[in-house]
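Visitor: Top line first, the protein sequences correspond to chains W and P.
Under my numbering, think of the first position of the first sequence as 1, with each following residue one higher.
Under my numbering, think of the first position of the second sequence as 155, with each following residue one higher.
Heads up, some of the hints might be wrong.
[Stated by the list, open to error] To give an idea of the interface, some chain P residues facing chain W are shown, with a C-beta separation under 10 Å as derived from the structure:
| id | residue |
| --- | --- |
| 1 | Ala172 |
| 2 | Pro175 |
| 3 | Gln197 |
| 4 | Val199 |
| 5 | Gly216 |
| 6 | Glu222 |
| 7 | Leu272 |
[What the hints assert, rightly or not] Lysine to any residue pairs mimicking SDA-like chemistry, simulated, CA-CA at most 20 Å apart:
| id | chain 1 | residue 1 | chain 2 | residue 2 |
| --- | --- | --- | --- | --- |
| 8 | P | Lys269 | P | Arg283 |
| 9 | W | Lys44 | P | Glu184 |
| 10 | P | Lys269 | W | Ala103 |
| 11 | P | Lys269 | P | Ala241 |
[Claimed, not checked] Have a look at the derived ranges for each label pair, beta carbon to beta carbon:
| id | chain 1 | residue 1 | chain 2 | residue 2 | range |
| --- | --- | --- | --- | --- | --- |
| 12 | P | Glu281 | W | Arg61 | 23 to 33 Å |
| 13 | W | Arg61 | P | Ser339 | 43 to 53 Å |
| 14 | W | Glu59 | P | Val313 | 53 to 63 Å |
| 15 | W | Lys38 | P | Ala305 | 56 to 66 Å |
| 16 | W | Arg54 | P | Val313 | 51 to 61 Å |
| 17 | W | Gly128 | P | Glu281 | 24 to 34 Å |
| 18 | W | Asp15 | P | Ala280 | 45 to 55 Å |
| 19 | P | Ala238 | W | Gly63 | 35 to 45 Å |
| 20 | P | Ala177 | W | Arg14 | 18 to 28 Å |
| 21 | P | Ser309 | W | Arg62 | 49 to 59 Å |
Rather than coming from a laboratory, the hints here were simulated on the basis of the structure.
For each residue, glycine too, the CB sits at the ideal point set by N, CA and C.
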Amino acid sequence: MAPRIRLYGLRHLRDEQAAADLVQQVLMMTIESLRAGKVRDPGKIESFVLGTCRMVVLEIRRGGARRERLLEQYLPADSAFFDRSLELAPDLDKLAGCLGRLAERERSVVVMTFYEEHSSDTVAGSLGLTNENVRVIRHRALGRLRKCLTGGAA
Amino acid sequence: MRCTQPIDPPVLADYWLAELPAAEEAAVEEHIFGCEDCTRQLQSVATLAEGIRALARQGNLGMIVTREFLDRLAGEGMRVREYAPKAGGSVQCTVTAQDDFLIGRLAADLTGIEKVDLALCDPSGAERRRLRDIPFRAGLTEVILNYPIGAARQSGPDVMIMKLLAITGQEEQVLAEYMFNHTPSM
Numbered sequence: 001m002a003p004r005i006r007l008y009g010l011r012h013l014r015d016e017q018a019a020a021d022l023v024q025q026v027l028m029m030t031i032e033s034l035r036a037g038k039v040r041d042p043g044k045i046e047s048f049v050l051g052t053c054r055m056v057v058l059e060i061r062r063g064g065a066r067r068e069r070l071l072e073q074y075l076p077a078d079s080a081f082f083d084r085s086l087e088l089a090p091d092l093d094k095l096a097g098c099l100g101r102l103a104e105r106e107r108s109v110v111v112m113t114f115y116e117e118h119s120s121d122t123v124a125g126s127l128g129l130t131n132e133n134v135r136v137i138r139h140r141a142l143g144r145l146r147k148c149l150t151g152g153a154a
Numbered sequence: 155m156r157c158t159q160p161i162d163p164p165v166l167a168d169y170w171l172a173e174l175p176a177a178e179e180a181a182v183e184e185h186i187f188g189c190e191d192c193t194r195q196l197q198s199v200a201t202l203a204e205g206i207r208a209l210a211r212q213g214n215l216g217m218i219v220t221r222e223f224l225d226r227l228a229g230e231g232m233r234v235r236e237y238a239p240k241a242g243g244s245v246q247c248t249v250t251a252q253d254d255f256l257i258g259r260l261a262a263d264l265t266g267i268e269k270v271d272l273a274l275c276d277p278s279g280a281e282r283r284r285l286r287d288i289p290f291r292a293g294l295t296e297v298i299l300n301y302p303i304g305a306a307r308q309s310g311p312d313v314m315i316m317k318l319l320a321i322t323g324q325e326e327q328v329l330a331e332y333m334f335n336h337t338p339s340m
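I would like the entire structure built from these sequences, with the hints used as guidance.
Guide: See the structure below:
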């Protein structure tokens with residue numbers, strides 16, 4: 001479950017440490033709820049974990065005292081609780097080679113999207129393209145990158 | 155157990171970029187939390203995104219960028235060395251160990267132009283590299299090149315001619331040339 005919670009955290013919080021904190025909070029809350037018999041259907045634990053993720057992220061966004069309380073309550077002093085093997089580890093040399101094989105527009109679109117974190121609307125405005133064009137270019141570029149990174153030609 | 159209804163990669167990318175409608179986003183999340191295969195696929199999108207961010211921050215992606223890209227670098231405290239020769243002009247340039255990015259700003263009137271290539275040439279005019287069909291916005295008055303800073307650091311004294319070329323079918327016309335006289339820093 002930890003990788004899913006972490007991805008959820010990265011997606012919604014866009015911060016590595018905040019995602020790591022979320023993993024710890026949600027897992028501890030889930031374990032406590034299971035022990036206390038508060039999970040109605042343990043067979044559907046995924047739904048419970050997702051619901052807990054949503055609730056905690058909402059609280060984090062709201063900020064304030066509840067977040068501090070959650071951190072204090074569920075963040076163990078021992079940081080080894082978080083599995084470091086879950087960290088992202090891209091092969092940068094290989095990725096650089098694959099990016100180099102993309103067409104100029106494709107490279108610009110993926111960098112603006114993932115580095116600058118612009119929406120397709122903003123990328124379209126910056127590059128003189130339509131929104132639909134940007135999405136098509138982005139999907140094509142990601143497909144080529146995936147293929148290149150897994151050993152096929154870009 | 156393999157996923158029998160895997161989420162399409164473009165949908166996963168849209169999810170990661172927060173570009174799905176709320177209902178579709180919720181459905182993707184519910185699927186992900188119950189599916190190891192699709193979690194792995196989403197992880198690969200996240201890894202790709204992280205890699206692209208890391209490479210962009212290293213300054214080694216030779217590519218056309220925007221004014222907003224430069225603003226973001228400045229906001230992140232990156233040290234950006236910029237050279238902006240006029241069309242037909244030349245500039246003395248270098249790069250130091252303290253610089254994070256090397257940027258060439260090529261002034262040009264691209265009004266009415268539909269397709270542009272950027273050719274990087276040696277002093278004799280022979281092309282070393284061509285960036286084809288570069289992205290640009292109508293009405294733009296400059297093209298901004300993020301030159302790979304690692305390559306510039308390793309270079310000895312060098313002269314590079316950059317040419318912006320308007321492409322029409324099989325024809326090409328030089329819009330402007332720029333000369334960069336590179337001297338390694340001490």
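Visitor: With reference to the structure, classify each hint as holding or not holding.
Guide: Verification of the supplied hints:
{"no.": "1", "hint": "Ala172", "result": "holds (8 Å)"}
{"no.": "2", "hint": "Pro175", "result": "violated (14 Å)"}
{"no.": "3", "hint": "Gln197", "result": "holds (6 Å)"}
{"no.": "4", "hint": "Val199", "result": "holds (8 Å)"}
{"no.": "5", "hint": "Gly216", "result": "holds (8 Å)"}
{"no.": "6", "hint": "Glu222", "result": "holds (6 Å)"}
{"no.": "7", "hint": "Leu272", "result": "holds (8 Å)"}
{"no.": "8", "hint": "P:Lys269 - P:Arg283", "result": "holds (17 Å)"}
{"no.": "9", "hint": "W:Lys44 - P:Glu184", "result": "holds (11 Å)"}
{"no.": "10", "hint": "P:Lys269 - W:Ala103", "result": "holds (14 Å)"}
{"no.": "11", "hint": "P:Lys269 - P:Ala241", "result": "holds (18 Å)"}
{"no.": "12", "hint": "P:Glu281 - W:Arg61: 23 to 33 Å", "result": "violated (51 Å)"}
{"no.": "13", "hint": "W:Arg61 - P:Ser339: 43 to 53 Å", "result": "holds (46 Å)"}
{"no.": "14", "hint": "W:Glu59 - P:Val313: 53 to 63 Å", "result": "holds (59 Å)"}
{"no.": "15", "hint": "W:Lys38 - P:Ala305: 56 to 66 Å", "result": "holds (59 Å)"}
{"no.": "16", "hint": "W:Arg54 - P:Val313: 51 to 61 Å", "result": "holds (59 Å)"}
{"no.": "17", "hint": "W:Gly128 - P:Glu281: 24 to 34 Å", "result": "holds (25 Å)"}
{"no.": "18", "hint": "W:Asp15 - P:Ala280: 45 to 55 Å", "result": "holds (48 Å)"}
{"no.": "19", "hint": "P:Ala238 - W:Gly63: 35 to 45 Å", "result": "holds (43 Å)"}
{"no.": "20", "hint": "P:Ala177 - W:Arg14: 18 to 28 Å", "result": "holds (22 Å)"}
{"no.": "21", "hint": "P:Ser309 - W:Arg62: 49 to 59 Å", "result": "holds (52 Å)"}
The structure fails to meet hints 2 and 12 from the earlier list, while all remaining hints are met.
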